[in-house]
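These protein sequences, in sequence, are chains A and B.
This note's numbering puts the first sequence at residues 1 to 419.
This note's numbering puts the second sequence at residues 1 to 419.
Calculated from the structure, these hints are not laboratory results.
As the structure is a prediction and not an experimental result, all values here were calculated from the model.
Where a beta carbon is used, it is the ideal one built from N, C-alpha and C, also for glycine.
Do not take every clue at face value.
Unchecked claim - Stretches of chain B that chain A covers, calculated by requiring three or more beta carbons in the stretch to come under 8 Å of a beta carbon on chain A:
#1 73-84
#2 117-131
#3 310-323
#4 398-411
2 protein chains.
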Amino acid sequence: MIVEIINTGSEIMLGRVLNTHQQWLCAQLAALGYVVNRQVAVPDSAADIQNAIAESLTRSQLVICTGGLGPTSDDLTRDMVAKLLGKELREDPSVTAHIKLFFDARKRPMPELTRVQAQVPEGATVLHNAHGTAPGLVLKVNPNRFHPESLPALLIMLPGPPRELRPMFLDSVVPLLKRELPLESGFVCVTLRTAGIGESIVQEKIHGSLIELVKAGLDVGYCARPWQVDIRLSARGGTARTLVENAERLVRQELGRNIYSSEDEELSGVIVSALSSRKHTLVLAESCTGGFIANQLTNVPGSSAVFLAGIVSYSNESKQKLLGVQQASLDQHGAVSQEVARQMAEGGKNLFRADYGLAVTGIAGPSGGTLEKPVGTVFIALAGPSETVVHHHLNPYDRETFKMVTCQQALELLRRKLI
Amino acid sequence: MIVEIINTGSEIMLGRVLNTHQQWLCAQLAALGYVVNRQVAVPDSAADIQNAIAESLTRSQLVICTGGLGPTSDDLTRDMVAKLLGKELREDPSVTAHIKLFFDARKRPMPELTRVQAQVPEGATVLHNAHGTAPGLVLKVNPNRFHPESLPALLIMLPGPPRELRPMFLDSVVPLLKRELPLESGFVCVTLRTAGIGESIVQEKIHGSLIELVKAGLDVGYCARPWQVDIRLSARGGTARTLVENAERLVRQELGRNIYSSEDEELSGVIVSALSSRKHTLVLAESCTGGFIANQLTNVPGSSAVFLAGIVSYSNESKQKLLGVQQASLDQHGAVSQEVARQMAEGGKNLFRADYGLAVTGIAGPSGGTLEKPVGTVFIALAGPSETVVHHHLNPYDRETFKMVTCQQALELLRRKLI
């Protein structure tokens with residue numbers, strides 16, 4: 001099956017935004033067994049959009065197009081597809097009603113311009129947009145209208161904003177694909193998520209034991225993310241399940257506790273579940289990560305049951321006033337030190353009589369480094385029920401990557417204590 | 001001038017890596033005045049690479065292809081281009097010497113496999129790779145070999161690793177483009193960033209006044225992000241600068257203070273600059289945003305000069321203990337109330353004698369809503385030097401979007417006070 005993705009948007013072509021749809025959709029589709037053969041990005045121009053869609057339809061059985069469904073004058077996909085396929089646009093009252101409801105819920109008047117989003121090409125299936133006003137659109141295309149040799153294809157149009165596209169893909173497109181374009185051979189895929197070991201070490205550790213399974217048809221993929229590596233084990237056909245199960249067993253033997261999940265789950269989700277099931281509580285004291293860890297934890301629904309408070313102690317005064325860090329320790333060891341990390345973790349824990357206090361202090365850069373403590377230096381302290389441990393890391397990355405990596409290291413320290 | 005980019009790599013098509021070349025190259029090219037008309041990604045497959053290059057050459061005067069120049073069996077671009085254009089591959093002794101030097105400098109033997117990278121299609125110009133072994137390749141293509149109607153084109157092949165590609169582009173490709181493909185007409189582009197008004201309202205407000213300029217060649221684009229809309233004004237040719245300047249003036253007249261930047265800048269960056277230049281300080285008290293705002297602010301280098309502390313008061317106890325919120329107010333009005341937001345902002349400000357205290361309390365969902373205070377309810381309080389204001393919003397989105405939108409609203413409230 002040939003699958004193509006088309007991303008529309010002049011801001012993409014000007015390099016103003018990073019096209020994250022491409023990776024996200026490719027990864028989602030690959031996990032379902034549909035490997036993307038080509039991805040194309042074009043600007044918000046009628047001719048470019050029409051040409052790209054027409055060309056993809058002559059080659060593919062599945063074309064997914066993102067963007068250009070909004071209310072403004074540069075949102076052209078809906079019109080261009082209707083023209084290309086010779087379909088009339090008609091107002092779909094259910095979409096109009098949804099748009100009205102959307103603005104009612106926000107106590108705002110419905111701008112007249114937004115009504116254009118209810119224009120649907122005849123024959124199209126509408127995909128509900130739970131997070132915005134532009135619906136997704138699906139058309140079964142008999143493409144011989146413009147290319148007689150081509151195969152019939154499914155054309156799926158999704159709205160551009162990621163927070164609208166992603167839930168729509170998961171809730172509506174995945175069931176649609178399974179129904180309309182079932183894969184001929186079974187496809188089994190398991191992703192094991194590891195923390196704390198690099199991609200090449202992961203590969204060195206598991207490569208040898210998987211060789212026979214790879215010869216028998218197992219596919220192994222690696223995805224390196226900050227301080228974590230996802231291992232994707234997949235196979236097709238009648239023996240797919242056995243192959244993947246055997247591979248998972250071998251990988252678990254080699255990597256053991258480095259594996260923190262076999263679901264599409266973040267480390268923060270694993271932590272919240274583990275704390276919840278033990279009825280344990282946590283206080284965070286963050287300096288160099290500036291709230292990043294608190295934000296990750298509070299992205300998990302239910303985190304309020306276990307996360308009592310986070311203190312972003314970005315100044316020395318706040319470390320002293322809120323966490324009880326001693327002036328003498330700051331003078332003698334500096335704010336970025338094992339001693340201060342320990343006092344931050346214990347201070348946070350004691351203030352709320354929590355079960356755990358987790359603290360980080362470090363130098364995110366770009367400035368502030370010294371010979372002794374270069375940019376990237378970080379101390380992570382975990383105060384638990386019986387003891388406090390402090391780990392030292394060097395994370396010499398840009399500011400945002402530094403935060404991500406440090407957060408993963410801190411959460412992994414807590415996970416190892418909990419699980 | 002038609003410009004296209006081709007990115008090769010199976011790992012891109014499986015969604016294992018994010019294709020950052022696309023944004024980086026598009027932004028670099030746009031800044032030089034070459035706007036990319038199409039970007040294509042294909043897997044490491046001979047047929048896919050050949051088809052993509054052949055198609056691009058029939059449409060474009062400039063084609064930049066990334067990846068597939070390395071030494072392994074899936075590096076196919078060099079061979080495929082030579083075949084496509086009917087060129088012989090010949091070893092270039094200067095490249096072989098460079099590869100030898102590269103390994104000598106690292107005191108490692110030169111692997112025999114790497115020698116293939118010195119194979120150069122006849123007639124190609126070699127671009128020096130200062131950070132790796134695979135050279136870049138440039139071919140002037142007389143394309144009527146495979147498409148008689150097409151124009152002559154420049155085909156530039158660059159190595160895949162970003163730390164090799166980027167310096168090669170800046171050091172070798174930029175001078176080459178200026179020499180070989182000088183632009184006949186100038187390209188001018190300005191992006192205005194707005195906060196607090198929706199995409200369709202923005203268009204309603206500015207559409208009318210820009211009509212004449214659009215007829216004269218102005219291009220207007222919109223990019224909607226959570227609670228902000230970017231407006232892109234661009235034009236080409238001799239009148240480009242006048243067109244864009246006139247458009248900017250008209251848009252500023254209509255949208256006034258809603259515009260917070262004409263640079264590629266986030267609201268958090270504007271806030272840190274404004275506080276810094278006034279030598280003012282800020283304390284954050286976050287409940288429902290869970291550290292998101294602190295994280296945004298501390299992503300800005302230099303934020304430590306103005307941001308004293310953030311308190312993520314996720315429990316009632318932490319609101320009382322750290323911010324001095326009164327038990328009676330919690331009992332009478334609830335944690336999500338105008339009264340508690342005000343006490344949080346003032347408590348944070350007073351604790352550190354800061355100039356500003358900014359506080360948010362709300363219901364992020366998915367649970368916790370009531371009839372009176374549904375999911376998405378949020379109160380934002382700003383305690384300033386002379387008074388405290390509290391705003392009420394309803395942001396009924398998923399948890400992460402709720403945080404983003406609420407953060408923008410809080411930062412915008414502060415910006416309006418500052419600027």
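Which hints from the list above does the structure break, by number from lowest to highest?
The structure breaks hints 1 and 2; every other hint is satisfied.
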